[in-house]
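Sequences are here, hints too, so could you generate the full structure?
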Amino acid sequence: METQESTRRGFYVAAIQGLGAMIGAALAVPAAIYLLYKPTGQKEAQWVEAADLNQLQIKKPEEVVFRRKRIDGWRTVNEKTTAWVVKMDDQSVVAYSPNCTHLGCAYHWDAQQNNFICPCHTSAFSIEGKVLAGPAPRPLDRYVTRVESGKLLIGPTIQKSA
Amino acid sequence: MFRNILAWLEDRTGIESAVKHFLYEDIPDSAGWHQVLGSVALFAFLTQVLTGILLAFNYAPTPGDAYDSLRYIVTQLTGGPLIRGLHHWGASLMIIVVVLHMTQVFLWGAYKKPREATWLVGCTLLLVTLAFGLTGYLLPWDNRAYWGTMVTTQIASQAPGAGPYILRLLGSEGGSIGVVTFARFYAVHVLLLPPLVMLLIAIHIILVRRHGVAPSPDDFKPKKKFYPEQVFKDTVATFVWFAVLVGMAIFARVPLGHVADPTDTSFIPRPEWYFLFLFQMLKLFEGPLEIVGSLVLPTLAIILLFLTPFIDRGKMLSVRRRTGAIALAVFFTLGWSGLTARAVMTTPPSTEAADEGLKPVEAWQQIPADQLAAVGFFRKDNCTSCHTIGKSGSAPDLAVAPSQKPVDWLMQHFRQPAPNTPATTLNGAQLKALATFVVKRDDNAVDAWKNAPPDAVEGAMVYQNSQCAMCHELNGVGQKLGPPLNGEAGKRTREWLEGHFNDPSKFSPGSTMPAYKFNSHDMDRIVSYLLAIPK
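Protein chains in written order, with our numbering: chain A, 2 to 163; chain B, 147 to 681.
Please note that a few of the clues may not be correct.
Said to hold, decoys possible - Below are the SDA-like pairs computed for lysine to any residue, each with C-alpha atoms no more than 20 Å apart in a straight line: (1) K663/B x E644/B; (2) K586/B x H533/B; (3) K586/B x Q47/A; (4) K578/B x D527/B; (5) K369/B x Y13/A; (6) K371/B x S7/A; (7) K379/B x Q18/A; (8) K370/B x G178/B; (9) K379/B x R10/A; (10) K369/B x D175/B; (11) K586/B x R68/A; (12) K379/B x T8/A; (13) K551/B x E50/A; (14) K537/B x I159/A; (15) K379/B x S7/A; (16) K39/A x I199/B; (17) K152/A x G536/B; (18) K586/B x N79/A; (19) K60/A x Y13/A; (20) K379/B x R139/A; (21) K537/B x R147/A; (22) K586/B x W555/B.
Read the hints as simulated data drawn from the structure, not as lab findings.
Given below as structure tokens:
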């Protein structure tokens with residue numbers, strides 16, 4: 002049987018837990034949003050000129066170095082970056098992102114074996130970017146590109162192959 | 147299962163009985179709502195710890211980055227303004243609750259024997275709380291922070307004998323505030339004070355438990371338990387305090403001004419509101435007496451505060467009979483309010499809006515006028531019909547790379563871009579500005595090229611066509627014969643500028659600037675443009 006005393010006690014305990022939970026939620030939810038949401042209002046990177054098509058040889062990968070702006074938190078850094086560019090024929094050219102699709106190591110072109118080799122876990126990719134060997138889960142990632150007046154322009158995003 | 151884990155924990159650590167021991171403490175029957183403030187102050191501190199850590203995850207504590215990273219927090223991070231609001235207003239509300247807590251203890255005479263040590267630790271906690279406020283004030287590194295701290299360090303430097311050493315300790319030797327001062331304030335704020343305050347709070351609570359919560363002198367009833375009744379009251383008070391804080395964090399504007407500018411001579415420094423009374427008191431003492439207001443009286447007040455239990459050694463009385471204490475509290479409250487109100491009333495309106503730093507600055511507001519005007523010439527001459535900016539068109543996208551053609555080629559190209567295209571409508575100077583622009587444009591200029599509003603571009607064209615840069619500097623370009631024109635919005639009104647164009651010497655006696663009789667359209671554009679260019 003409930004006495005007046007035990008009813009009051011029950012109310013106190015419920016109120017302590019309820020108000021405490023509300024305070025906790027009001028602190029935890031904004032904290033989680035603050036830490037996990039992507040920053041807003043950041044400008045996309047620009048298109049940059051990376052190579053002159055006339056100076057590329059067909060089916061001979063070249064590592065081209067170009068500068069681009071990257072948003073790094075509150076800073077915009079102008080940094081050097083690279084792409085492996087392959088002129089497939091006179092019409093088409095691809096620019097691979099320079100990181101192995103396995104764990105992000107920088108791979109290189111092995112002219113003797115005629116494929117891209119990653120030094121970390123020996124993934125190998127064909128000149129078309131297909132996985133030939135090793136643990137890489139998908140073909141090489143590509144930059145979006147376009148060609149204008151014989152110049153290769155590299156865009157702001159990287160396309161991941163399925 | 148859960149009970150088994152609890153039993154194991156209890157057996158190995160004794161945590162359950164420790165918590166119970168804490169909650170089932172005996173407190174006097176007369177304890178109640180007037181004794182909730184200590185718990186609220188503790189919660190206020192914990193909120194500051196949490197929000198401070200969250201801010202530190204995205205804040206770079208050097209003068210070069212502090213302002214930009216804070217701006218990033220409040221303009222680009224979801225929840226960032228709320229977290230900063232909680233920390234900013236939490237500091238103010240913590241000081242309020244700490245002072246209210248002390249006032250309650252003072253009015254009830256709870257500092258008397260045997261609780262003198264609890265009072266002394268409490269006074270130290272008040273000083274540490276104020277030190278948190280003082281050091282945190284510098285960290286946004288805006289004008290408010292910089293100039294406010296300048297005044298603080300200068301006051302400290304007046305201390306007889308110790309002044310120069312204090313200044314050196316604050317990293318402000320020679321009176322300037324730079325990287326060293328900043329590093330020291332930050333280190334004190336986040337490394338020194340938090341563990342110190344935790345230690346003091348621990349001692350404070352141990353002492354409260356040792357002597358028990360102070361009972362009323364006429365309370366002879368049997369004791370009751372801390373939990374749940376008093377915990378309930380503490381929780382309700384904490385909840386009310388927290389609701390006020392969240393309301394302020396959401397609805398009240400947290401200031402962020404211009405980045406700290408040591409050359410700014412128009413900024414009016416003011417301390418945070420809880421120090422305004424000191425600032426105002428300083429004005430009552432002039433010349434050699436200044437030190438009385440800045441150091442002697444505050445130091446005496448602090449000493450008296452500490453000595454309170456040793457001065458008032460009478461027996462415990464009911465709060466209603468402590469008329470002397472009530473009169474003193476009223477006297478200090480009135481004095482504090484009077485000085486604060488006077489300081490607020492005598493503060494002229496600030497030259498910069500409190501949220502100046504929160505307004506986004508567009509690229510077109512930052513590039514020189516000749517470049518923005520060139521954007522206008524480019525658009526006016528229909529260059530966009532072939533050169534699409536930011537997309538592939540029938541001619542090169544000039545946003546991708548600057549033109550590498552020689553200037554002669556460009557001038558020829560502008561005059562006759564292709565066979566069967568209309569000739570240019572631009573004059574020689576305009577063509578030259580355009581040629582310079584397409585060869586030398588940087589990323590900011592490209593951004594302006596894509597996004598500048600037409601009215602601003604027209605304003606820049608009027609500026610360029612009137613050759614304002616022959617005498618004035620704007621965004622780093624132009625001669626310095628006349629005054630630089632950045633930040634006019636903080637100094638002049640639209641009417642002033644229009645009147646000045648029509649008759650310069652009437653508005654600035656002795657000015658050698660000729661009158662510019664713009665038509666109303668051009669006048670509107672150039673004045674709007676000038677008012678939009680930030681400092």
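Each hint, compared with the structure:
no., hint, verdict
1, K663/B x E644/B, "10 Å, holds"
2, K586/B x H533/B, "17 Å, holds"
3, K586/B x Q47/A, "17 Å, holds"
4, K578/B x D527/B, "13 Å, holds"
5, K369/B x Y13/A, "18 Å, holds"
6, K371/B x S7/A, "14 Å, holds"
7, K379/B x Q18/A, "12 Å, holds"
8, K370/B x G178/B, "11 Å, holds"
9, K379/B x R10/A, "13 Å, holds"
10, K369/B x D175/B, "5 Å, holds"
11, K586/B x R68/A, "17 Å, holds"
12, K379/B x T8/A, "16 Å, holds"
13, K551/B x E50/A, "16 Å, holds"
14, K537/B x I159/A, "18 Å, holds"
15, K379/B x S7/A, "17 Å, holds"
16, K39/A x I199/B, "19 Å, holds"
17, K152/A x G536/B, "15 Å, holds"
18, K586/B x N79/A, "17 Å, holds"
19, K60/A x Y13/A, "78 Å, violated"
20, K379/B x R139/A, "61 Å, violated"
21, K537/B x R147/A, "10 Å, holds"
22, K586/B x W555/B, "15 Å, holds"
Checked against the numbered hints above, the structure violates hints 19, 20; every other hint is satisfied.
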